[in-house]
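Assemble the complex: chain A is given as a structure, and chain B with the ligands must be docked to it using the hints.
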Amino acid sequence: MESYVKDSNLSSITSQVNSDGSLQLNIAGRLDSNTTGKIWRQAKNEVEKNSPRNLVIDASGINYCDGAGIALLFELQLHQQKAGKEIEIRGLANEFQQLLDQFKAGEFIEAEVEVPGPSNIFEKVGRSTLDILQDFKANISFLGEVMVSLFYAMLHPRSVRWKDFLITSELIGVNAFSIVALVCFLIGLVMAFQSAIPMQQYGAQLFVANLIVIAMFKELGPLMTAWVVNGRSASAFAAELGTMKVNEEIDALTTMGLEPVRFLVVPRVLAALVMIPILTIFGNLFGLIGGLVVMLSLGFSVVTYVNQITSAATYVMLLAGLIKSVVFAFIIGGVGCMEGLRTKTGASAVGDSTTSAVVVGLVMIIFVDGVFGVIYYFLGI
Amino acid sequence: MSGDKEPIIRVENFTAAYGDNVIIDNISFEVYRGEVFVILGGSGCGKSTVLKHMIGLYEPAAGKILIDGEDIAASSGEDRLKILKKIGVAYQSGALFGSMTILENLRLSLEEYTDLSPDAMDLISLMKLKLVGLSGSEHKMPSELSGGMQKRAALARAMALDPFILFLDEPSAGLDPITSAELDQLILRLARSLKITFVVVTHELPSIYTIADRVIMLDKRVKGIVATGKPQDLRDHSDNPWVRQFFNREVESEVAA
Ligand SMILES: Nc1ncnc2c1ncn2[C@@H]1O[C@H](COP(=O)(O)OP(=O)(O)O)[C@@H](O)[C@H]1O
Ligand SMILES: [Mg+2]
Chain A
1 MESYVKDSNL SSITSQVNSD GSLQLNIAGR LDSNTTGKIW RQAKNEVEKN
51 SPRNLVIDAS GINYCDGAGI ALLFELQLHQ QKAGKEIEIR GLANEFQQLL
101 DQFKAGEFIE AEVEVPGPSN IFEKVGRSTL DILQDFKANI SFLGEVMVSL
151 FYAMLHPRSV RWKDFLITSE LIGVNAFSIV ALVCFLIGLV MAFQSAIPMQ
201 QYGAQLFVAN LIVIAMFKEL GPLMTAWVVN GRSASAFAAE LGTMKVNEEI
251 DALTTMGLEP VRFLVVPRVL AALVMIPILT IFGNLFGLIG GLVVMLSLGF
301 SVVTYVNQIT SAATYVMLLA GLIKSVVFAF IIGGVGCMEG LRTKTGASAV
351 GDSTTSAVVV GLVMIIFVDG VFGVIYYFLG I
Chain B
1 MSGDKEPIIR VENFTAAYGD NVIIDNISFE VYRGEVFVIL GGSGCGKSTV
51 LKHMIGLYEP AAGKILIDGE DIAASSGEDR LKILKKIGVA YQSGALFGSM
101 TILENLRLSL EEYTDLSPDA MDLISLMKLK LVGLSGSEHK MPSELSGGMQ
151 KRAALARAMA LDPFILFLDE PSAGLDPITS AELDQLILRL ARSLKITFVV
201 VTHELPSIYT IADRVIMLDK RVKGIVATGK PQDLRDHSDN PWVRQFFNRE
251 VESEVAA
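As given, the protein sequences belong to chains A and B, one line each in that order.
Read in order, the letters of the first sequence are residues 1 to 381 in my numbering.
Read in order, the letters of the second sequence are residues 1 to 257 in my numbering.
Hints should not be assumed to be uniformly reliable.
[Claimed, not checked] Partner residues are not named here, just some residues of chain A that face chain B (Cβ under 8 Å, in silico):
hint, residue
1, N247
2, A252
3, M256
These aren't lab readings, by the way, just hints derived from the structure by calculation.
All C-beta atoms, glycine included, are put in the ideal place defined by N, C-alpha and C.
Here chain A stands alone, though its shape is the one from the complex (with noise of 0.2 Å):
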């Protein structure tokens, strides 16, 4: 440590002008990482306060010079030779001028002339606004391309990758059984629970069941499972993609003329499609098991909220909730792909799509959900 705060010492800078007109600066002793900071910001100090015409550097006294130190001495070449002016660096021990030589002003200089300049805000926010609408709309023609693919696929099923299909839906389905079951199961039992407070005092507490059925079969059953599949899978397909795409395996595909849509994007989504509307019904189901352990604990029997299930629920309404899982499902299938086939190189790179995928996922089906409360608002569902 003695040695440290020595060093910061070890080093001088003192200027004067001289006959003239030019500024000298007498730096001696040695510059290195340590003691470089302060003659810096002195040499600085001095040079942009007298702007000098000639610029004399004495730097005979230097008796030890590392790439700080030669640092040092190019930025004052390059400031005065941006400036116009002129410097002379006089009396360097040959060994650091060699150095020094290594460096020309003029690389540096070009080198800072392509760096845009600061933008304002408005060139920001116009900037990320066509950002935004130009992600939008590579989202759209993506989808539109799996869409594509997909009733190509329909017509010749034996272009598929059924093993991928079947691996994928193994990993969509049964592998998210067991913690869309339990949220369901919760939020049944949570909703259930809640609403029995207030309609207790109305003596309606047997309506409760209607309120789980209809909330489960509508909105919550697909909604939920939905958003569990899009955080297990989603980030899955883009991390798997998005690893294929940082070594080079997508172009391999690309080259060896399998399209990555069809031979990625496909058995994905298909598995995608047919998984999700299954794990909705069991979402379903399970959401009903939760609401009946409140109900069991309120005194009603099985066979009361059975029927009082059955006399509240439509066909309609489960289909209604089926076909927006159908389309979560191409949505939570769709965006995990695109994002990890839109990765770009780069060791972050891969978390990055991973992120997007799941909160991209999440915002289109908000959004779609919504959608369809209007929809379905308008048809009387």
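Frame of chain A, contents of chain B with the ligands only:
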């Protein structure tokens, strides 16, 4: 080494850019049927970029690339597939499909494009693996192979459909000298016996002298070609000192080593 010099790939006034960032500015060259054509240059000068445009992964910002007379970037559907079946690509990173075994990687394009029996596909795949010295690794996953083995497996996969143009992006980077020399011999054998055209991106001077019929040298500063010709000629007679230096320096160090 064909005497007739029939061009199989023509690159005409080709410019490559990522967004506004121009990497290659207006270059033209031809690759002749049956030759081993080497693209070299410092890292980041755009060698892979040129290669990826030649195989149709990106569209040129300007100009045209014709493979066997057809514009790959402008093609689509069946036409594109026809061009793609003529070429094989071994990527810089190998790009083996990580979820498949080596054998499955090789079989993939056979399954997609031929009506061979499964046994025949296996046999063809195993023979390709033998060619690159990877017999016995067919049931391994790519992650179980070393980097050099992955590259050779990628070359075997690129040859699965017996394409008549093979593109190799830095095939010997990261290989030990012996394996690298074997790879050179393999390339030469395939080029001479099967008349396969090779487009190879590489830095390895020994390998360039062994395999290259012609080279082009790219340079970042001019965003284009600084030299074209036979490596020996460039070494001895190039009027660009930098090019001479590149070819000679390595020879010196080779002698020293
Ligand atoms: N996908 C890409 N997007 C944007 N820039 C890229 C991309 N790929 C390469 N580049 C840039 O293009 C230049 C040339 O890259 P590349 O062709 O990979 O060089 P080489 O293969 O000669 O080392 C580099 O500056 C690199 O940063
Ligand atoms: Mg490269």
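To test your reading of the hints: which numbers does this structure violate? none
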